[in-house]
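A.B. asks: Since the structure of chain S is already known, use the hints to place chain D on it.
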Amino acid sequence: MSSLGEIKGHISAIEQTRQITNAMYLISASKMRSTIKKIDYNVKYMARLRSTMKDILLHTDDLSGYHFIRRRKESRNVLIILVTGDKGMCGGYNLNAVSKFKETEEQFAGEGIRIGAVGIVGEEFLEGRGTPPDYKWRGVIQDPTLYSARQIAATVIDEYDSGRADEIYMVYTKYKNSMVQTADVMQLLPIELEDFEDVGVEFAERTQLNFEPSPKAVFANLVPQYLIALIFNMLVQSSTGEYAARMNAMQTSTSNADEMLAGLRFEYNRTRQLDITNEIIEIAATAGTVADNS
Amino acid sequence: MNTFKLEVLTPRREFYSGDVEAVTIVLEDGEMTLLKDHEPMLAALEIGEMRIKTADGWKNAFASQGFVEVRPDETLIFVQTCEWPEDIDEARAEETRQRAAEAMRQKLSIIEYKESQAALARSMMRLRVKKHLN
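Residue numbers (my numbering), protein chains in the order written: chain S, 1 to 294; chain D, 1001 to 1134.
Note that these hints are calculated values from the structure, not bench results.
Any given hint could turn out to be false.
Taking lysine-lysine and the DSS-like style, the derived pairs with C-alpha atoms no more than 25 Å apart in a straight line are [claimed, not checked]:
#: 1; chain 1: S; residue 1: Lys174; chain 2: S; residue 2: Lys54
#: 2; chain 1: D; residue 1: Lys1131; chain 2: S; residue 2: Lys44
#: 3; chain 1: S; residue 1: Lys87; chain 2: S; residue 2: Lys38
#: 4; chain 1: S; residue 1: Lys174; chain 2: S; residue 2: Lys31
#: 5; chain 1: S; residue 1: Lys174; chain 2: S; residue 2: Lys38
#: 6; chain 1: S; residue 1: Lys54; chain 2: D; residue 2: Lys1005
#: 7; chain 1: S; residue 1: Lys100; chain 2: S; residue 2: Lys216
#: 8; chain 1: S; residue 1: Lys44; chain 2: S; residue 2: Lys216
#: 9; chain 1: D; residue 1: Lys1005; chain 2: S; residue 2: Lys136
#: 10; chain 1: D; residue 1: Lys1131; chain 2: S; residue 2: Lys136
#: 11; chain 1: D; residue 1: Lys1114; chain 2: S; residue 2: Lys216
#: 12; chain 1: D; residue 1: Lys1131; chain 2: D; residue 2: Lys1059
#: 13; chain 1: S; residue 1: Lys176; chain 2: S; residue 2: Lys54
#: 14; chain 1: S; residue 1: Lys102; chain 2: S; residue 2: Lys31
#: 15; chain 1: S; residue 1: Lys44; chain 2: S; residue 2: Lys31
Isolated chain S (complex conformation) (with noise of 0.2 Å):
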């Protein structure tokens, strides 16, 4: 049985963490209360991105001379990007997401890959493997913005264009509700017409597009535009799936500490009236004997 003391001890320490479990619950519950507005809209705004550009591509006579859009090479270098939270205490969704990562990079065993990292867990899980990532952006999860959408962009367009990287994946976490986050693998380029088979087509009867004022420049705008949106879109799903997934192990963690308090409580009472008990048995004992011997 251990002494009061230590109880006492115990029971702050436990009342402290939970403290801190408690505001970190509060912090992403009301963090995630102000992305669920975007993220509603954003996958709605997806969706519609996501058909116009099936119909662009299935209403395109020749796409063969566009670069962005085209078959697979035999050999191949691919770029991943891994994208994580910049902290933990979110239960399993960094860990999730580095082993989605791992799949997909088992997937290219042999081939060339390069490495970029959106969020320090990522970051810090490669450099500790011994394989620190070619590209870094840090501060960027915690509140998506479409600047930072744009410079990832940007970097993925450029590795493409100069050949460094054939093929172009992100490993982000799919956000279906509060309960429910999964990692997942998208492909950002090339842009192909089997990427498309999860959408509807708005407007299927139509012969040909016009294309104002050439289908090259049009397609050399299209698709920066278009992974823009796309890379904003997994930016916004991942930060409020760690949101999420950061509330719902702040809530187990506090409530875990309520059930510990309530069990040491108890054992603290229990001890103080043992204590209490034994120092009364003590004075009638020594009581009785020295009114024995009086």
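C.D. replies: Showing chain D alone in chain S's frame:
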């Protein structure tokens, strides 16, 4: 009235949705005004001033890069950012303009140079749209 459905979407919000008489956009080779029953078309949008004509008259807005798809049923404009003149923060645009102009004078990588160039163009266009209002 000869109107058609126009939707202007940005990653952050639905900027405009409704029936319009005409919309003027800026393409690579100049301005273009779309009316009802325009032939199906796909065009790349440059940073510029977008003008929307409804029954209440013309309304101007700042639009950054994007693309427009004209369909028989509606016209869709996807842009990165779109702002009404009253929403443009003049002081901030001016600050961005100066910062981008300064950044372009430094020795930069091609990516950074292009970024600054685009930021400069956006801020200058914002200021222009804002001044039209005043």
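A.B. asks: Run every hint past the structure and note whether it holds.
C.D. replies: Each hint tested on the structure:
no. : hint                  : in the structure
1   : S:Lys174 / S:Lys54    : 21 Å, holds
2   : D:Lys1131 / S:Lys44   : 34 Å, violated
3   : S:Lys87 / S:Lys38     : 22 Å, holds
4   : S:Lys174 / S:Lys31    : 18 Å, holds
5   : S:Lys174 / S:Lys38    : 15 Å, holds
6   : S:Lys54 / D:Lys1005   : 21 Å, holds
7   : S:Lys100 / S:Lys216   : 36 Å, violated
8   : S:Lys44 / S:Lys216    : 28 Å, violated
9   : D:Lys1005 / S:Lys136  : 43 Å, violated
10  : D:Lys1131 / S:Lys136  : 39 Å, violated
11  : D:Lys1114 / S:Lys216  : 20 Å, holds
12  : D:Lys1131 / D:Lys1059 : 14 Å, holds
13  : S:Lys176 / S:Lys54    : 23 Å, holds
14  : S:Lys102 / S:Lys31    : 29 Å, violated
15  : S:Lys44 / S:Lys31     : 21 Å, holds
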